[in-house]
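Chemist: Okay, here's what each chain looks like letter by letter:
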Amino acid sequence: MTRYADMDQVAGDFYTNNFAKTAKESSLILNLGPQHPSTHGVLRVIVEMDGEYILRAEPVLGYLHRMHEKMAEVKTAAQFIPNMGRVDYGHALAWNWAFLGAVEKLAGIEVPERAEYVRTITCELNRIASHLLWWGAYLLDLGAFTPIMYAFDDREKVLDILQMPTGSRLTYSYYRIGGVALDLSEDCLRSIREFIPWMRSRLPMYKDLVSDNIILRKRIEGVGVIEPELCRRYGATGPVARGSGINYDVRRAEPYSVYPKVDFIVPTSELKDARGRYDVRMIEIEQSLRIIEQCVEQMPEGDILVKGAPKPSWKAPKGEAYFAVEGGRGKIGVYVASDGGKNIYRTKLRAPGYSNLSLFAEVSSGTILADAVAILGSLDLIIPEIDR
Amino acid sequence: MNAIKEAFKTVSDLWSLMVGLKVTGKYFLEPQRTVRYPWKAVANLDTFKGHLELVGGVKDIFTPRCISCGMCALACPSNCITVVKRKAPKPTPEEEKALAEAKAKGEKPKDKTPKDPERFLYDYSLCSLCGTCMENCPVGALRFSKNVYMAGYSRNDFQFDLVLKLRESEAHAPKAEPAAPAAETSEA
Chain R
1 MTRYADMDQV
11 AGDFYTNNFA
21 KTAKESSLIL
31 NLGPQHPSTH
41 GVLRVIVEMD
51 GEYILRAEPV
61 LGYLHRMHEK
71 MAEVKTAAQF
81 IPNMGRVDYG
91 HALAWNWAFL
101 GAVEKLAGIE
111 VPERAEYVRT
121 ITCELNRIAS
131 HLLWWGAYLL
141 DLGAFTPIMY
151 AFDDREKVLD
161 ILQMPTGSRL
171 TYSYYRIGGV
181 ALDLSEDCLR
191 SIREFIPWMR
201 SRLPMYKDLV
211 SDNIILRKRI
221 EGVGVIEPEL
231 CRRYGATGPV
241 ARGSGINYDV
251 RRAEPYSVYP
261 KVDFIVPTSE
271 LKDARGRYDV
281 RMIEIEQSLR
291 IIEQCVEQMP
301 EGDILVKGAP
311 KPSWKAPKGE
321 AYFAVEGGRG
331 KIGVYVASDG
341 GKNIYRTKLR
351 APGYSNLSLF
361 AEVSSGTILA
371 DAVAILGSLD
381 LIIPEIDR
Chain W
1 MNAIKEAFKT
11 VSDLWSLMVG
21 LKVTGKYFLE
31 PQRTVRYPWK
41 AVANLDTFKG
51 HLELVGGVKD
61 IFTPRCISCG
71 MCALACPSNC
81 ITVVKRKAPK
91 PTPEEEKALA
101 EAKAKGEKPK
111 DKTPKDPERF
121 LYDYSLCSLC
131 GTCMENCPVG
141 ALRFSKNVYM
151 AGYSRNDFQF
161 DLVLKLRESE
171 AHAPKAEPAA
181 PAAETSEA
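For the protein sequence lines, the chains are R and W, in the order given. Quick note: the first sequence uses my numbering, first residue 1, plus one each step. Quick note: the second sequence uses my numbering, first residue 1, plus one each step.
Excised from the complex, chain R in its bound form (with noise of 0.2 Å):
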């Protein structure tokens, strides 16, 4: 009690005064965030400075915590659904997929091949908007504004083809246990298969606008090299890991879907840094339309529901299930774990940011804070996903 009677005299809170503990002489601890705008919501980070030169970071998480893997154990497995377009609002439905996947898996549910197809072309159409949204304000932080007006006219049709089936435009709640809700449209297919020759037309403009320009290029080359031991150190998937050699895509390494039937390609970066990150995500745009484009043809007539799908009051039946699926930040994953009861036991979420958000602290020690911002930037962090 003596050692914290004073505490209230002490500035800073539980975390600075424990960072602080071991700062050496001299330096200045700063506090980007919570409120930061280039930490995408509300992600704080504790720095420890000497002059420019970041010595030590630490990443303090918590502030966007709703309580998702509790909120799971509340509801019956069809009520959770709404939840999971929650949790990353860049790439809901992967969350989506993956849940539902987990959920399938238990139960033994075998989805119409038409349903299958029609979750590959909204995730992966959510994939290109997650990854424009991701540009946008990469750039944003990076100080350049208009780049984000290019991106957002582009993911503005995104998301009016993705509103057609699903109704809403950010926080999707549009897989069903067994299928999805709704088919997809011919009206909707067309402006689909519009949109594939517009968006291909689209990415060298970017090129042009953006990744050659010589500002951005000795801003972000050479700038939070991630060495692939490390990203394996610490977990991280997606386009961190592929940016840093990686050749792992969940849709590659553990084929879930209709991905086997389709050809694509799981780009790599071997230069590491942030250009290299950069550069897959661009790529990553280019390979999703392969596959959307890829799947609007084969796609078959059918139904988009199983017969007898379950109803929300149905119960899961024991047992445990593992699910991944390839999200626009990495490796999604559902674990649940079933009594038997009303709700599902436990649920457990996996989720990319935090595993990319955790080499952080290694990786930006040493560089300057200007760099940093660059670092965190490109390892595409949603807050939300991060807090679950």
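Keep in mind the hints are simulated off the structure, nothing from the lab. Among the clues, some could well be false.
[Unchecked claim] Covered by chain W, according to a simulated footprint, are these stretches of chain R (three or more residues, beta-carbon under 8 Å):
1) 208-215
2) 226-232
3) 306-314
Glycine residues also receive a C-beta, built at the ideal position from the N, C-alpha and C atoms.
Let chain R serve as the given structure and place chain W on it in line with the hints.
Modeler: What follows is chain W alone, placed relative to chain R:
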């Protein structure tokens, strides 16, 4: 040799800026991509998922199709629906007599209570628009409205009785389309 390389690099670097500016210039001269909202509305509102609304019956479109079974309220993840069933109407003396006779014969009296709900309370501030209620409805009495201009000053503005809302739509029935946003803003 090195100096030439340096110079060439500098020129190519500067050229990349020119290429970027060319794109900017090109788009600067293009027509506006955004919609000037209060004067013009976007076209894709027919697929928008607004708040819930009750579907009118086949004969009388201002009486809900709903049979007050409460499946929607049961399925709702956020508990934003409350269905208030109608109470049985007070029987007239003749009906009471007939009822007593039927009871004496051992017949089960037929419930003549109208099935449509007295009130259908819906809290839009809690709703996450997942559509679980719609899918769980046995008679298809619920749907999403296309109302994108829903706004209010207080929380109470988003707690409404859908039965009342359906009846209110009678008052606006002659109008085929909801009031355009242009009219609202020009007045303000």
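Chemist: Compare the structure with each hint and give your call.
Modeler: Hints and how they fare:
1. 208-215: Contact hint for the region 208-215 of chain R vs chain W: holds, 7 residues under 8 Å.
2. 226-232: violated (count 0)
3. 306-314: holds (count 3)
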